[in-house]
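Residue numbers (this note's numbering), protein chains in the order written: chain A, 1 to 202; chain B, 203 to 395.
All clues stand as given, with none of them false.
Coverage of chain B stretches by chain A, computed from C-beta distances (three or more under 8 Å per stretch; other residues unrestricted):
1. 230–238
2. 334–342
3. 377–387
Just a sample of chain A residues kept apart from chain B, beta carbon distances all over 10 Å, derived:
4. Ala-4
5. Arg-7
6. Gly-12
7. Gln-34
8. Glu-36
Non-contacting residues of chain A with respect to chain B, defined by C-beta distances greater than 10 Å in every case (computed):
9. Glu-13
10. Glu-39
11. Gln-41
12. Arg-191
In short, the hints are calculated from the structure, not lab data. Glycine included, each C-beta is placed from N, C-alpha and C at the ideal position.
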Amino acid sequence: MSGALERPASCGELFGVFTRLALQGFGGVLPVAQRELVERQRWLTNEQFLEMLALGQVLPGPNVVNLALMVGQHFLGVRGALAAMAGMLCVPMITVLVLAAIAAQGQRHPAVAGALRGMGVVSAGLVIATAVRLALPLKRSPLSPIGAATIVAITLLTVGVLRWPLAAVVVGLGGVGFAGAAWRLRAHAARSATHPKEPGDG
Amino acid sequence: MDEAAIFMRHLLAGSGALGPAEWAALFGHFLMLSLLAVGGAITTAPDMQRFIVGERQWLTEAQFSASVALAQAAPGPNVLFVAVVGFNVGGLSGVLATMVGTLLPSTLLTLRASRWNARHAQAWPVRALHAGLAPVTIGLLLATGWILFEPLAADWRSGVLVAGTIALMLRTKLSALWPIGGGAIAGALGWIG
Numbered sequence: 001m002s003g004a005l006e007r008p009a010s011c012g013e014l015f016g017v018f019t020r021l022a023l024q025g026f027g028g029v030l031p032v033a034q035r036e037l038v039e040r041q042r043w044l045t046n047e048q049f050l051e052m053l054a055l056g057q058v059l060p061g062p063n064v065v066n067l068a069l070m071v072g073q074h075f076l077g078v079r080g081a082l083a084a085m086a087g088m089l090c091v092p093m094i095t096v097l098v099l100a101a102i103a104a105q106g107q108r109h110p111a112v113a114g115a116l117r118g119m120g121v122v123s124a125g126l127v128i129a130t131a132v133r134l135a136l137p138l139k140r141s142p143l144s145p146i147g148a149a150t151i152v153a154i155t156l157l158t159v160g161v162l163r164w165p166l167a168a169v170v171v172g173l174g175g176v177g178f179a180g181a182a183w184r185l186r187a188h189a190a191r192s193a194t195h196p197k198e199p200g201d202g
Numbered sequence: 203m204d205e206a207a208i209f210m211r212h213l214l215a216g217s218g219a220l221g222p223a224e225w226a227a228l229f230g231h232f233l234m235l236s237l238l239a240v241g242g243a244i245t246t247a248p249d250m251q252r253f254i255v256g257e258r259q260w261l262t263e264a265q266f267s268a269s270v271a272l273a274q275a276a277p278g279p280n281v282l283f284v285a286v287v288g289f290n291v292g293g294l295s296g297v298l299a300t301m302v303g304t305l306l307p308s309t310l311l312t313l314r315a316s317r318w319n320a321r322h323a324q325a326w327p328v329r330a331l332h333a334g335l336a337p338v339t340i341g342l343l344l345a346t347g348w349i350l351f352e353p354l355a356a357d358w359r360s361g362v363l364v365a366g367t368i369a370l371m372l373r374t375k376l377s378a379l380w381p382i383g384g385g386a387i388a389g390a391l392g393w394i395g
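Work out the full structure, taking the sequences as your base and the hints as a guide.
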């Protein structure tokens with residue numbers, strides 16, 4: 001449909017494309033990843049990209065690194081996966097560590113300490129804005145908007161204010177959310193299944 | 203010791219406050235956080251702060267917030283805040299411990315899972331997991347925002363800066379670099395905290 005797809009010829013090319021992609025990502029690499037991999041390199045269709053992204057988001061760990069691993073593995077196996085991950089991380093990590101070393105040297109200077117405080121406050125705003133943007137699709141959550149909002153509120157309270165360990169909250173509340181969503185999705189599937197068997201389900 | 207030697211030691215191992223048991227605890231905690239990072243690395247920031255600032259006192263609240271802020275100001279995936287936290291705790295050895303800990307379990311899991319076709323993302327257990335974890339992810343992002351803001355919450359000007367940043371990001375298509383630059387200037391002028 002969308003014309004022939006290209007593919008990376010080598011691990012070096014994977015490394016290079018992911019480095020370029022990561023270096024364009026200020027405050028989030030995801031939008032850049034879509035543009036580079038789907039539109040510019042034409043390595044993936046938009047559908048393939050969204051499928052990999054969905055899986056990368058369900059798996060634990062950094063989402064865009066998971067995405068890089070899957071794209072690399074898709075074309076060149078485990079070696080490709082590691083090349084894509086290295087491209088995503090190496091040069092940006094050197095950049096940020098040089099900045100951190102400079103900041104650590106300058107921290108006694110009140111202007112540097114003040115600038116870092118100001119940037120920290122802005123970071124809080126950036127993360128909250130991301131949360132708000134991601135919260136909009138919760139209106140269509142299988143958990144119902146009220147159920148989902150309750151889980152959001154309990155997570156914020158227990159992790160942010162009461163400072164409970166993350167493991168207990170993710171396993172406990174995530175488990176409740178999974179069970180609730182599974183129950184609602186199954187009930188919905190049973191109601192809307194006019195044909196007795198869904199091929200490929202299960 | 204001359205200054206260059208002190209600098210090199212600091213670069214490799216940080217302040218040198220960590221013994222073998224502490225290094226093992228640091229690495230082990232990040233291995234665990236890797237598997238708990240639902241919806242991205244930044245969602246583990248509250249627990250990381252609880253462990254590193256609250257429990258172990260390897261960094262102050264301000265140093266932790268500055269680490270996250272620096273990583274957001276630089277290009278690249280936001281998991282790199284882990285590298286900056288690691289660097290501030292234990293120099294380049296700290297980077298190694300925190301980044302390998304954060305990446306190893308999730309990488310092994312992802313390599314296994316993607317061999318098992320990405321099309322399975324439509325199967326009901328995967329959809330239920332996605333739907334069930336989505337509100338937890340959002341709660342964790344809000345908690346991250348709260349722990350970054352809380353130390354400076356008493357100053358009304360930081361409230362204005364947070365609200366302004368949120369409005370700018372939700373209402374406009376401006377790059378995050380603009381509010382970060384604005385926050386850096388406001389802070390350098392002594393307006394924040």
